[in-house]
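With the hints as your guide, set chains P and V onto chain L.
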Amino acid sequence: MTDPLESAQAIQHSGPNAEPRRRRSWIRRYIFTTDHRTIGIQYLLLALIAVIIGASLSLLMRLHLAWPDLPMPFWGVMKPEDYLALVTMHGTLMVFFVLTTAPQSGFANLVLPEQIGSRQMALPLLNAASFWLTVLSLLVLVSAFFMPGGAPISGWTSYPPLSAIAASGPGQALGMDIWLVSIGIFCIASTLASVNMLTTIVAERCEGMTLDRMPLTVWSWLVASMITVLVFSVLFAAAVLLLCDRHLGTAFFVPMGDLVNGQIVGHGDGTPLLWLHLFWFFGHPEVYIAILPGMGITSSLLANFSRRPALGYRLMALTTVLIGLLGFLVWGHHMFVSGMNPYAGTAFALTTMAIAVPSTAKVLSWIGTIWGGNLRLTTPMLFSLGFLSLFIAGGVTGPLLALPILDAYLHNTFFVVAHFHLIMAMAAIFSVFAGVYYWFPLMAGRQLHEGWGKVHFWLTFIAAYSTFFPMHLAGLAGEPRHYSQLSGGAASMAALIPLQRYISISAIVLVAAQLIFLTNLIWSVWHGKLSPANPWQATTLEWSTASDGQPIVLRGPYDYGVHPGQSDFLPQDALEPNPE
Amino acid sequence: MPLTIFLAVIALCPGLSSLVSGSQFWMPPNAALHGIAVDRLMRLNLTALGTCFIIAHLLLLISILRRPRPGASPKILPSMWAMEVIPLTLLCLMYVWMAITAQRLWAANRFEGPSPAAMQVEVVGVQFQWYFRYPGEDAAFGGTRPELVNAAAGNPLGLDRQDPHSADDIVASELVLPAGREVDVTLRAHDVIHGFFVPAMRLKQNAVPGMVLHVHFTPELPGEYPILCSQVCGLGHARMQAKLRVLPRGDYALWLAAREAKLHAIQAARVKAQ
Amino acid sequence: MPVTFTRTPVDTERKHTGIGGKPPASRRPTGGGGDGDNWDGQRGRKGPRQLLTRWRLGVFFALIGDMMFFVAIVSSFFVSQAGGHFDPRTHNYISTWRPVSVPSILWLNTAVLVLSSLTMEMARRQLFREIDVMEEWLGMGRPALRRATPWLIATALLGGIFLFGQWLAWEQMWTDKVLLASDPARYFFYLITGFHGAHLIAGIIALLGALASLSLLRRVEYRQIVVDCTAWYWHCMGVFWLFLFALLVSAQ
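Protein chains in written order, with this note's numbering: chain L, 1 to 580; chain P, 1001 to 1274; chain V, 2001 to 2252.
So that you can see chain L by itself, here it is in the shape it has in the complex (with noise of 0.2 Å):
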């Protein structure tokens, strides 16, 4: 059996791993390493496991959506505490686990090094160590199912006083204590691999590797990785404070005389309006961490899959940098009914509308610099269209949800559900699909199967538009989220029932649909078809087969379709071909 991770860097590493490589034992190598490359690799497979917990759990929501009286296997009848348990933990597990830790620090690890002309990580025990605490954290959240009282049910958003009060709720106990701890640890992972991700933007950079030549992922990767640093310690100290209200005694969170279960148990001025400022402060730009690699993904795929340069590189830098600005911004649009100043809804609503003027010229461009070239329709391009198409379709019900007096019906309806799973879930995995299809030569030395991927496509591109784009219309009917039963006043939307039905099945479909892409994925790392050193004729330096220690760049990212008919690109550190 070959070693495939060898394989893979014997592709890579032929020339600048000319010297003899000291043999470590096997855990050193696999496990507590600090090749940057292999801790790309686990990241992906710590998302994999997160998606197929995650995935499991939203099965079993749908089933009962959809179904409320049959027995689930192993557990009998779902109560409803049990269903925002699911809910609860599909979201934390998709959210940080997957989107967060995938997209960015997945790809990033496994391919940023490279493509900025460095070997390494700037502080690569830093990178272990931040992977380290994202798997403990991960462990950790996951034993919230086994606490007494089950898992926490107030979604991941966990707004007080439901969170702050043990008494509120099953899993409100232990349950919510071991969930905030979790996301605690979560925060110091994700806030030092991105300190990691920025130093080595910043210093480890080639000779000629200018800001106005790095590709679009590496832009993308680095203004993630500012949000994050930024974010996640205003959710940390979110969490901290939350924490001092349950076990300290404060009052942050909970206000005055609240009353719970008969308990009263406010005794200061807390507001729980505090926590959904904090929390949407890190909320939203999380979700354009989780949405911004993918962006530069789709950017540098469609680029070399049509064979021409990006439709406006330098627009296309300058909107991920107005994105992650503008991020900052727009928090406010989460809370439109929730409380706040109505004014504050206009003013959050207009920034809004401003943020859909990047994200509209990015489609643009993406759309521009596939019109009239010459695709190539692999895999990973067919997964780079189904972002875009999915992203123009959770996009436009954007600046629709942005919109005070419409989001005052459409607040937490499965309208709302419709329009981020489509943008942040479904177009966020397509991107991590295109990213592991065209990527996959570097893992594993192979190259997965075309025609299953193929078949894996369209399957999933058709599950995912028939799952999520009728969620818009129980949105409409004003079904709301988060409801485990359609009974008593709501029952006028029994109607629903059938459509639910349709998009359980469709979810099974689609999450059946992945069986295809995990044989593939199996089947590849040992007889998928060897990978040539350039598979994709690509340009970025993680395909770089130049030899000779640093590579030295010479031009900008995308320098496809220059000599039509025989090498129609030229990579950044090549030199200019002789004109004969």
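No lab work stands behind these hints: they were computed from the structure. Here a beta-carbon is modelled for each residue, glycine too, at the ideal position from N, C-alpha and C. Do not rely on the hints blindly, as some may be mistaken.
As the list claims (entries may be wrong) - What follows is a set of in silico ranges between Cβ atoms, one per label pair, in the way DEER data are often shown:
#1 V/Arg2098 x L/Leu70: 50 to 58 Å
#2 L/Ser143 x P/Gly1113: 45 to 53 Å
#3 L/Arg376 x P/Ile1100: 43 to 51 Å
#4 P/Ile1062 x L/Ser466: 17 to 25 Å
#5 L/Ser466 x V/Ile2094: 52 to 60 Å
#6 P/Trp1255 x V/Tyr2093: 30 to 38 Å
#7 V/Tyr2093 x P/Leu1221: 35 to 43 Å
#8 P/Val1085 x L/Ser487: 50 to 58 Å
#9 P/His1057 x L/Ile264: 53 to 61 Å
#10 L/Leu70 x P/Gly1113: 47 to 55 Å
Stated by the list, open to error - Stretch by stretch, here's where chain V covers chain L in the computed footprint (C-beta under 8 Å, at least three residues):
#11 188–198
#12 217–231
#13 255–261
#14 271–283
Chains P and V alone, transformed into the frame defined by chain L:
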């Protein structure tokens, strides 16, 4: 080329809009005065954004299906003017239009308070129940204190019986309103954040413990409408529902009189017991 | 600007070469020192300053994150200060915020902390004196170590005195029956001093580590890195404290 398609679809827009304007876009029938404008705005915005979605996907599809002319240099990209500047300007104008129209409606709805003649109702969210309080003849709510809350003893809101204003307060578990009169809703919560959501009234506002919030609306059509909780509030969140009954004015007066009579009977019984 | 060695002409030429600061290869200097100062023969390393720059940047970015932590706490402070509730009987808006009078010992502590920042800076500069560094690098004794150690010990001691002073302030408040869970102004007094104290404890641990590393680490640049990073952290905690103290004083 992309510009032509863009303009062509824009031209088709009014037709598209009229096609769907007849339906309610899946929304439940509107019964509130301001809901007409909200629905209209929703329809316009959904149509505009749906059109953008369709145009973008047409462009995507054409890009994928169309092969470049042989001999055309692949390096020549579409011009920034056609692909970026003009469409972006048009879309920005659309965003500005969306922001302004929606903002005007929001301002009319939330910046201004209710008219002084508006009827007063207090809505209180408690895990997992909505309570509705009418101020009675003195048009003033009596004081409440959390220590006095005792649902089993018939005082779920903790009414302070010492307060003269509280004597005529009516507490109900369904919201009954007269059609055509503006209502000033005072929102409170006892324990955790709840979301007061009346889909048919196009109304949603969180009830936050420690805060007293106001929203106002005018129910127009008599009928029964569900009231839901839209902010996850604990294990009974999904069953935290109530009913809104909008009655013609005469029926409402009858209902109120019946509730007042009941209240007087209870008070008389209490006095006798003492 | 402390550097391991004096700035060479190559370094000067590297400045102002367009966006991003790294020159395009066409203008890459050749000849003496042109190998990116790559004189320790390590792959991917561009000399000792590279490593220092890296760590320093890392500490700066981490400190920006840390700053946001305190920004969040201070924002919460202002929100709580403005908070209050309606009295159910009188319908008045009343606040339970009773300002804390800052124990006067904090003024003394602040002075001690400022002093410790000065000693820290002295220690840091000792490690970047060109003659001493050159001597150490050539293996001719360790003059920088000899010079820096007393300053480092002084800093650690002053830091300890500051923490002890903070503890005295807490004790003073306990005897005044001002407990954590009494009212928001108190929570914040304890939280702010507590979090800052925790950061300083980490700083003192780093200082002790730096002291140990001065004799344990074999390479000059490693010793420089340890002391330099600790120093920037320490200065930053000093600056944070000045802001936090100003906040506490202004709110009393």
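Honestly, which of those hints from before does the structure not fit?
-> No hint contradicted; all consistent.
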